[in-house]
Each structure stands twice: as C-alpha cells, then as structure tokens.
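> What follows is each chain in one-letter form.
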Amino acid sequence: AQSVTQLDSQVPVFEEAPVELRCNYSSSVSVYLFWYVQYPNQGLQLLLKYLSGSTLVKGINGFEAEFNKSQTSFHLRKPSVHISDTAEYFCAVSVSMDSSYKLIFGSGTRLLVRP
Amino acid sequence: DTEVTQTPKHLVMGMTNKKSLKCEQHMGHRAMYWYKQKAKKPPELMFVYSYEKLSINESVPSRFSPECPNSSLLNLHLHALQPEDSALYLCASVPERGAYNEQFFGPGTRLTVL
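If you read the protein sequences in the order shown, they are chains A and B.
Take any residue in the first sequence, count from 1 to its spot, add 18: that is its number in the numbering used here.
Take any residue in the second sequence, count from 1 to its spot, add 269: that is its number in the numbering used here.
Okay, chain B solo, but in the shape it has when bound:
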C-alpha cells in the first residue's frame, strides 16, 4: 500500500491563527517530505525527514514548523502566516521497502491565508 493521506483537504486561516497540516502513511518510514506548490508551478521542497530526523530545511521561514512524531505521521504547524503563503501543500513519502528515491505523494492541502 503506497497511499499517503493528508488532512484537511482545504484550510482557510487568518494571519493570526495557528493551525496544523497532517500527513499519514503506512509504508514504513525511510523519508518524508513537505512541498509547497503555487499555481502553474512545480512543487518546491520545504523539509525532508530521514528516518524521523529532520535532514533538510530549505531555508523555510520559522512560521512553518515541521514535526515527525512517529514513523507514520508528519505534521506541519502553521503560525502567523502571510497571504503569499496561500498554496497547495503536498506531503510525500519514500517507503521503507523499495527504491530509496521513489516518492509517493498525497493529494495535498489547499491553504488560503486571509
């Protein structure tokens, strides 16, 4: 099973709100990723967790805070976001078994910051 689920599907938040995005998979954990995708653009890498440890942070502002509580879950905590942070946020996972660089993507969370 290579399914990756993301909740919520849609999120609208104000600039003073605190919210979290959730990503879950049951493939075992080799690596998990957060991407940000603006309209008509390719995904931009934000964070990489490798074996549950943060291994890559692509100079993302501190208003985005990732967390990997266990081998199945990946969260992205949001605080004091700006309207330009509105985008599709995608989670991806590399299963414990299989090609070590083959990423499976979730459906994404569509975030709107007012």
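Just chain A, with the same shape it has in the complex:
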C-alpha cells in the first residue's frame, strides 16, 4: 500500500531564512505527488503538484519541490520564508481506487516562522 512519511512534525525557522520540509513516499509505478498548505481554521490550499515531466516543480508563494525517484522523496523548499508562511503543510500521494483517485496524506509538518 502507498504511504507518505513526513519525518518532521514541527520546523521552527527565523524569518527570511531558507526552509526545507521533508516528504518521502513508498515506491510505485506511477507517482502523483502534492503539497498542500493549511492556515489556521481554513481548508487545504494546493501549493504545487508533480504529475509528470520536469522533476523540479514550482508552486505558489515562492515554494518549489523536487521529485527524486531514486530517493523516493518530494521535499518542499523556500529560499526565504515570511511570518505569513506559518501554517501546517501536508504532503500527499494520489492513488487509484476503483473508478476514483484518493489522496494519502502524510502526518503533516507545522512550519513556525519566528521574527
């Protein structure tokens, strides 16, 4: 069965510093990967996705992620964070099930940006 691992439950970082949030997935033939962000008391917003093609994926709000098949990783990066980036970040893999697709989420990483 597919699974997603986010090893860091919380990542504290100072404002304007770079950050990397780690995500590893279990291997499969076809992999569709997503990063979502959830601000307090809100729904999930799609940051970026990897479906195929270039392994470096750029998303919204200055985030990017690199798909690494050999290391089964899809780490999220931002070169300079803002206070407003404080939120919960979920990595997810899409799996086929019957006639639909379902998302398997990691446990989440709380990014805490300090001034």
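Honestly, the hints are just simulated from the structure, not real lab data.
On a predicted model such as this, the values are computed, not experimentally measured, just so you know.
Do not take every clue at face value.
[To be verified] Stretches of chain B that chain A covers, calculated by requiring three or more beta carbons in the stretch to come under 8 Å of a beta carbon on chain A: (1) 308 to 317; (2) 334 to 341; (3) 361 to 371.
Glycine included, C-beta positions come from ideal geometry on N, C-alpha and C.
We have chain A; now place chain B onto it with these hints.
Okay, now just chain B, sitting in the frame of chain A:
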C-alpha cells in the same frame, strides 16, 4: 474558477439532532469528496462520489449519510452523532477539466457535537 464553498461555516448540534452540511462547486463534476479532520491530524477520507455516483465509502458509520443531488452539490446528512464526531469536515472537488487527481478543497465546516 476552482472555488469550493461549504455551508455552514460552524455548526453546533446535540446528539439527537439532524443536520446537513452542504458543499457546492461550479467546475463540473469528475469527483467530489468528504473528509473529516481532527485537530493536528491530516484529513481522513470518508466518501468519494465519482460522476455523481458513490464510489468509495471508507467504512463510515451510518450516522453519516452522503448525497450528491446534482453535478454541483454534495451534502452530508448527520443524525445521532457522538461527541467524538466533533471535527472539521472538508469537501473537495476534482474539476471536469484538468488533472483527474487534483483536488480543490473548500474552507470546511467546524462541527461541535454536544
């Protein structure tokens, strides 16, 4: 337009009440989803509708009853809930056009069961 709306935003109900959550989108219907999210946890899948037909039920108790009346709407009917059902309920939609596995989420309904 990839907006998904959910009403109400907040709901407080007793264990004997009957209430409904509503989700609406105007992206066309490929698939729509209900998730339950407890604090500090990832969303847990409850139901999936694919082309307006229930395709996945993740062993959800019968006190939760989903309904998809048309291609824009998804309801979740609630009856005889328990306090442990208190959570954020999220709806998601996959547009008719675009990547077939890219889900767009609504803001959620915060449910409290007393």
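> The structure should be examined with respect to each hint, and the outcome stated for every one.
Evaluation of the provided hints:
no. : hint       : verdict
1   : 308 to 317 : holds (count 6)
2   : 334 to 341 : violated (count 0)
3   : 361 to 371 : holds (count 6)
Consistency with the previously given hints fails for number 2 only.
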